[in-house]
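Trainee: The chain contents come next:
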Amino acid sequence: MARRQSLATTSLWTLLAWGVGFVMFFPILWTGMTAFKSEVNAYTMPENWWSTPWTTENFAIVQERSNYLRYVFNTSVIAFFSTVLGLILAIPAAWSMAFQPEALPSVNISGRVWILIIVGAGAIAAAIALSVGWQLRDNPILGFALMLIIGLPITAWVWTRRTGDKLLWMLSTKMMPPAGALIPIYLIFNRNGLIFKDWGVVNLSDWTLMDTFLGMIPLMMLLNLPIIIWMLYTYFKEIPFEILEAARMDGAGLWQELSKVLAPMAVPGIASTLLLNVILSWNEAFWTLNLTNKYAAPLSFFISEYSSPEGQFWAKLSAASLMAIAPIMVLGWFSQRQLVRGLTFGAVK
Amino acid sequence: MGSITLQGVRKDFGNVSIIKGVDLEIHDGDFVVFVGPSGCGKSTLLRLISGLEDVTGGVISIDGKDVTDVGPADRGLAMVFQSYALYPHMTVRKNIAFPLMMAKLPQSEIDAKVARAAKSLNLGDYLERRPGQLSGGQRQRVAIGRAIVRDPTAFLFDEPLSNLDAALRVQMRLEIADLHQSLKKTMVYVTHDQVEAMTLADKIVVLDKGTIAQVGSPLDLYNKPDNLFVAKFIGSPTMNVFEGPSAQKRNATSVGIRPEHLDISTTSGELKSKVRVAEQLGSDTFVYADVEGVGSMTVRHEGQAALKAGDTLYLTPQEPRVHRFDAAGLRIN
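So the protein sequences, as listed, match chains A and B.
Per our numbering: the first sequence = residues 1 to 349.
Per our numbering: the second sequence = residues 1 to 333.
Warning: the hint list may mix true and false statements.
Lysine-lysine pairs mimicking DSS-like chemistry, simulated, CA-CA at most 25 angstroms apart [to be verified]: (1) B:K104 with A:K260; (2) B:K113 with A:K260; (3) A:K260 with A:K237; (4) B:K94 with A:K260; (5) B:K249 with B:K203; (6) B:K184 with B:K119; (7) B:K232 with B:K272.
These aren't lab readings, by the way, just hints derived from the structure by calculation.
All chains, please: the whole structure from these sequences, using the hints.
Mentor: Okay, structure coming up:
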């Protein structure tokens, strides 16, 4: 505002802003304070936060009971590798959508015909399943065939959309509540005896996806892939296409165009995307709680151990929470400028 | 060496036909300028030659070899873009060296060629700077340096002077002309500015809505335009074109006369007019007059004519300079 305000008005607004900030920060503050109280005294919070003594015993107990560093390692591995894998897949996708967008659907069938095709495929699949009395359990080939019958028309529909629609569809996959996909994914992770069996040449029967990095990393990557593609897409759109064309005229092949010209120019965008998605992976609780137990369990699992049927251990829970968010808060602190720029960059244009 | 041939080249974007069948012969060492109004397809045609766009139909050959399906990197051409398209994260030296690095030349050879290109374009002091630290003219020279360092078969320029201010434009125009003199390579140049076209070109290709309206040397187009479109496009101010009794008198549907080929008199002449505006430039006088039965006409008179708005003026076209056009807009000889 260009007008000069009176001291009273400025003070009032400043106080209000600090108040709102305090309210937003309060849960973290309370967690922090509870972590330093003994378990018994934690129950009296927040009334007696001043009078009861401070202690660091909770951190010791938590570290004794569970191997904190192991959980940090697991979380770091899952967060980092899923994001890097996501970047590897997303860079070509975002490149093609940003620089070679399609303005029209590549196949011109009306929407009604598409619905007819997809619903029809579903009906055919249902009819086939009905004919075997829904006994698909020991019939993997039939199950796979049914999956193809339903999946191919839907895939074809997505592939033929124009770029804007494809992006929107990708984002829509994030709109579904994860609980809706829990059962199928749980079954995939758990019941994979069809693939992880003794093939004769190699014996995979000891393998499984449940509670392993092999399962968690691709899953986290797929969860965040729409966001990674979207963020890279908005960054790539800022890069003038003529520079890539100049690289082509200069004799650069596709790999050189991506690695020597596009990637260096998009480094801020790639860094922001990397940071944001590491944070999203780090904080993911729903899938990690359901699909891990011990070997690949990340910090969200670590926190949940203290909120169990045995009781709510407020102090230890708070201590565990602090230990879980500490690394990511440090990362966020040092990269805050990059993060803010990454999240708001698209808005400025 | 350096000849480009287009046969029946067509380009459609979806249902819209941008280039509607172009046949063109560019000889080695020519400076060819594609010129035309916005949307006529000149940039598209250049991009088809460069390989950045694929043709919908027709054949493009370079030095007799069919390159229609060859990618832009392998056609042996170099392009200077309107916005220079320099790599912002690389120094000037790396920018100029980039094509040579892509060709995997040994480092010593790269350094030598970059030094030579930088010297010929006066970029020696700027080699370690980034493009963001250069002025418009310097950036343009880096873009040209990047193009010449590859020793290409032909150079392609896509409106390279459009982003420069007027004074710099004149200077860079001369530098490009000097470049053509010294390198003697084929150059294909796109511009919407007909002054650039007239001053730089050996051969001008005038494009109108995706087809060639006329190909010829600058003076050919000036003296003998094949159709009304070229007649009105070339020459500044625009040629006066009128129909009616004056045209019929000369056995044509419409006639054209350039503003500089009209004789003026306050006493007698063929066309009677009233002066609307008289612009005194010192060396010339531009008179905008409303002619009875014809409409508005522009006259360029050498020297200073004492005219003002409202004066009566008689205009007489110089007969040898009158252009006659038939009903289809084509020239009658």
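Trainee: Each hint: holds or not?
Mentor: Here is what the structure says about each hint:
1. B:K104 with A:K260: holds, 14 angstroms
2. B:K113 with A:K260: holds, 21 angstroms
3. A:K260 with A:K237: Holds. A:K260 to A:K237 sits at ~18 angstroms (cutoff 25 angstroms).
4. B:K94 with A:K260: Answer holds: B:K94 to A:K260 is near 11 angstroms, not above 25 angstroms.
5. B:K249 with B:K203: At roughly 34 angstroms apart (the allowed maximum being 25 angstroms), B:K203 and B:K249 break the hint.
6. B:K184 with B:K119: holds, 18 angstroms
7. B:K232 with B:K272: Roughly 23 angstroms separates the two Cα atoms, so the pair holds.
Hint 5 from the list above is the single one not met by this structure.
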